[in-house]
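Engineer: One letter stands for each residue in the lines below.
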Amino acid sequence: MLGSTLTDARVQTGFSLAFHIVFAVFGVGLPWLLIVTEGRWLRTGDAVWLALTRKWSRVMAVLFAIGAVSGTVLSFEFGLLWPAFMARYGGVLGLPFTLEAFAFFAEAIFVGLYLYGWKRLSPRAHWLTLWPIAISGTLSTLFIVTANSWMNVPTGVKEVGGKVVSAEPLAPLTGPGALPESLHMLLAAIMCTGGVVAAVYAVGMLRGRRDAYHRRGFGVGLVAVLAAAPVQLVVGDLAARVVEKYQPAKLAAMEALPHTRDHAPLTLGGIYDPDTGKTRFGLEIPDGLSLLTGFRTDKTIRGLDILPAKEQPATPVVHLAFDTMVGAGMAILGLAALLAVVAVWRRRKGVRPLIPLSRPWLVAGALTGPAAMAAMLAGWEVTEAGRQPWIVYGRMTVREAATTSGGIGWSLAATVLVYLGLAAALVLILRRLATGAPPSLAAEAGGPGPEPQDPDEDARAAQDSETAELEGAAR
Amino acid sequence: MTAVNLLLAVIICALAAYALLAGADFGAGVWDLLARGRHADRERRLIAHALGPVWEANHVWLIFVIVATFSGFPSAFGLIARGLELPLAFALAGIVLRGAAYVYRAYGEGAAGPESLWSRVFAVASSVTPFMLGVSGAALATGKVTADSGPLAPFSSAFTLVAGVFAVTVTAFLAAVYLCHDAGTDPGTEDLVPVFRRKALAAASVAGVVSLALLPLLYQDAPTVAHRFTERSIPFVVLAVVCGFGSIAVIWKRRYVLARATAATAVVAVLLGWAAAQYPDLAVGTATARDSAAGAANLHALLIAMGFGMAVILPAFFVLLKVFSGPEADAK
Ligand code: HDD
Ligand code: HEM
Ligand code: HEM
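As you go down the protein sequences, you meet chains A and B in turn.
Just so it is clear: in the first sequence, position 322 is 322 by the working numbering, and no numbers are missing.
Every position in the second sequence, counted from 1, becomes a number in the working numbering once 1000 is added.
Source of the hints: derived by calculation from the structure; they are not laboratory data.
Just so you know, not all the hints are guaranteed correct.
[Stated by the list, open to error] Computed cross-link-like contacts, DSBU-like style, restricted to lysine-lysine with a CA-CA straight-line distance of at most 35 Å: (1) B:Lys1253 with A:Lys119; (2) A:Lys55 with B:Lys1322; (3) A:Lys163 with A:Lys55; (4) A:Lys349 with A:Lys310.
[Stated by the list, open to error] Simulated coverage check for chain B against chain A, where a stretch passes if three residues somewhere in it have a Cβ under 8 Å from a Cβ of chain A: (5) 1012 to 1024; (6) 1312 to 1323.
Think of the CB as a built atom: it goes at the ideal place given N, C-alpha and C, for glycine as much as any other residue.
Go ahead and model the full structure; you've got the sequences and the hints to work with.
Structural biologist: Structural data, given as structure tokens:
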């Protein structure tokens, strides 16, 4: 219950991590997209690419700062809320966190050069500063997630009487979950960024701003989210296999499987009832889980009953969160497949642009943003709630790790208030930034202004060089 | 030198970098808060301009210090975090609000409240944070911080409170000295140089007075550290005093580049004096560096990673400072 120190500490951690991650994904994804847009501008000198680059870099500046301050909160919170955890395992996690700090350094330094260097650097040098930002953002994801994956599968540590006596420094980086989990997060970041960018420009077009600026912004974002989707499925599957092997109870919770059995069914959706072990409203596919995990119907899958009831994860939440993530991932993948077919077909017929821009397609494209964000947050809920009651799987419980200080209720209330205030202000600022193509662009290029265009515009624009570019990006 | 001592040295260096770089950023916020009169708006703009490209990178030094502390001395970190939870939580709130206010002011175009609102938030948060960090550092010397000493313990002695004030005045001093030089590099702001020169001189005098008040309190409230201070830290004190007065002299003579060096040296000398007296305790009476250190293999891995990391980061940092020093010229 809220009000107990343990619950307050958990809620505060979950809340501040979720807040952080929502902004941090753009710090990972936007630099890669900027490399594309600014690179195109360098090569073509086309003002539309420059306008997109300028706009996105302003957005990145704001999101990056919010990501940085909310991330600083996290590094303090580990000590403030989970002192016993840090006291025991801080040394074990030292290497990934230290490497992470250097990645932040690199990111912050080059972001400074990038954002404020428009006039001080040559265009080419300016574009080059994006590379260290993108690479170190990517590395920071990998490092931080390996720390989390070590908490899931803590290998390479010897303890005597609750004290770490020896720890392999490289253990977090080489653990079985490190690679799939961190790649999965990286792809998630790219999908979220791409999806949200696509959504912003799709909404702009739905409101009638069908200019080159919006089409290209939409195209770049959509290609990023759709191209990552199939890879994400493969990597997510790898992650699930690691979970099956090392955290069987988490897998059982994800799949709402109460009893160990062969011919295990796959349950899609539904509300799991911990008292009866039944899932209401779910769709059951016989033998599905055994087939997926073992490639044969009689594979035995361990159920929740390998643990006493008190040590089982919060199955209803974990199951729903898992299905939300996979459902969103499959939906995005479906859209990717459909669009790929349509694009091939339109190419044969010589119809341009390859991606249709009529209403239903724009709505579908816009939905990839919220879907990816929901999948990403749900994925974290799976990882974290599925590990319960452990903070370090099998070694230390969340209860043992928590602070015993009495003031956590205040700090939770303050955190929620401050963050909600900051988020509200941020939304206002982002809305101000989302004003469409800069007026200078329309005048300069003599191109289409922000007014609504007639529906044939798509077909007519086929000859335009910029549509050819969108097509290039789409491939 | 053992791995433990080497790691301590790295942490102190990082702390010094944080004090000199981010410290000046905080101090700039203090001047933002105090800006009055007909120049006020232009002063604020100069401050924002000087901060822009570097504040995020400067701020990472703190993250580095925290990460190095919990990686290298995990059990002490758990204890310190518990004992200092209140001042650290306030410092944290200051860091969050300050960073957010800074970008909201710069990019918000008034969409989320007037610039003056965010300017206020930025300025107040900039002053609160160094105060809280000063209190935290001083509290570690008193021996009154333990895992269950209660949230108010760090505030319960005059020494820690005055140390907090000292930290604020020192950051203000650094910022004023740096800004004297920055203002002079652009013809548009040259007339602000005397304004910041006056501020630098005032801050130096106040910092000197506060440090005089701080010394007897050190002996009263932190006897263990005070004893070691007498034994070990006199050379650093001498250096700090010489550079402190030296700074006043060179600022008086309007030699602002040299003033940066003397001011920085004075601040580093104070920090080293404290560190020397604090050694080998992390929190006096409850945690020494050696007892709370992580395993040897982990420390070695950390140090190796830090060596490689710094080899990449320091040149990049230098480039950053270099590109943004001097007036804006158009791209070559
Ligand atoms: C755009 C976001 C996104 C999408 C589309 C997916 N995921 Fe995911 N998932 C995440 C975002 C995410 C995440 C936020 O990135 C998590 C949390 C921790 C992590 O490493 O990734 C995660 C965790 C996570 C875990 C738990 C890993 C662990 O606890 O060690 C599994 C098993 C999967 N995912 C599997 C999948 C599968 C089979 C998907 C099929 C389409 C899928 N994910 C799509
Ligand atoms: C090294 C990295 C991480 C560490 C050390 C960590 C640690 C923790 C701890 C101590 C808790 C509270 C105990 C609990 O309820 O599980 C928690 C909960 C949570 N964390 Fe993580 N976490 C990490 C990464 C992340 C990330 C990056 C996210 C992304 C958003 C995340 C999402 C959550 C959520 C949603 C909860 C609440 C889960 C619940 O209680 O149901 N975690 N984490
Ligand atoms: C749960 C553990 C996490 C901790 C303790 C943590 C810590 C931090 C810290 C201290 C910062 C500030 C760095 C700065 O000042 O520049 C930060 C920023 C950042 N974090 Fe996290 N982080 C966590 C999870 C993640 C994850 C999972 C990602 C991957 C998507 C991520 C991506 C970033 C990025 C990209 C930044 C730079 C700022 C930005 O781009 O928004 N973090 N984080």
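Engineer: Run every hint past the structure and note whether it holds.
Structural biologist: Hint by hint, here is what the structure shows:
| no. | hint | verdict |
| --- | --- | --- |
| 1 | B:Lys1253 with A:Lys119 | holds, 34 Å |
| 2 | A:Lys55 with B:Lys1322 | holds, 27 Å |
| 3 | A:Lys163 with A:Lys55 | violated, 51 Å |
| 4 | A:Lys349 with A:Lys310 | violated, 62 Å |
| 5 | 1012 to 1024 | violated (count 0) |
| 6 | 1312 to 1323 | holds (count 7) |
In this structure, the hints that do not hold are numbers 3, 4 and 5, in rising order.
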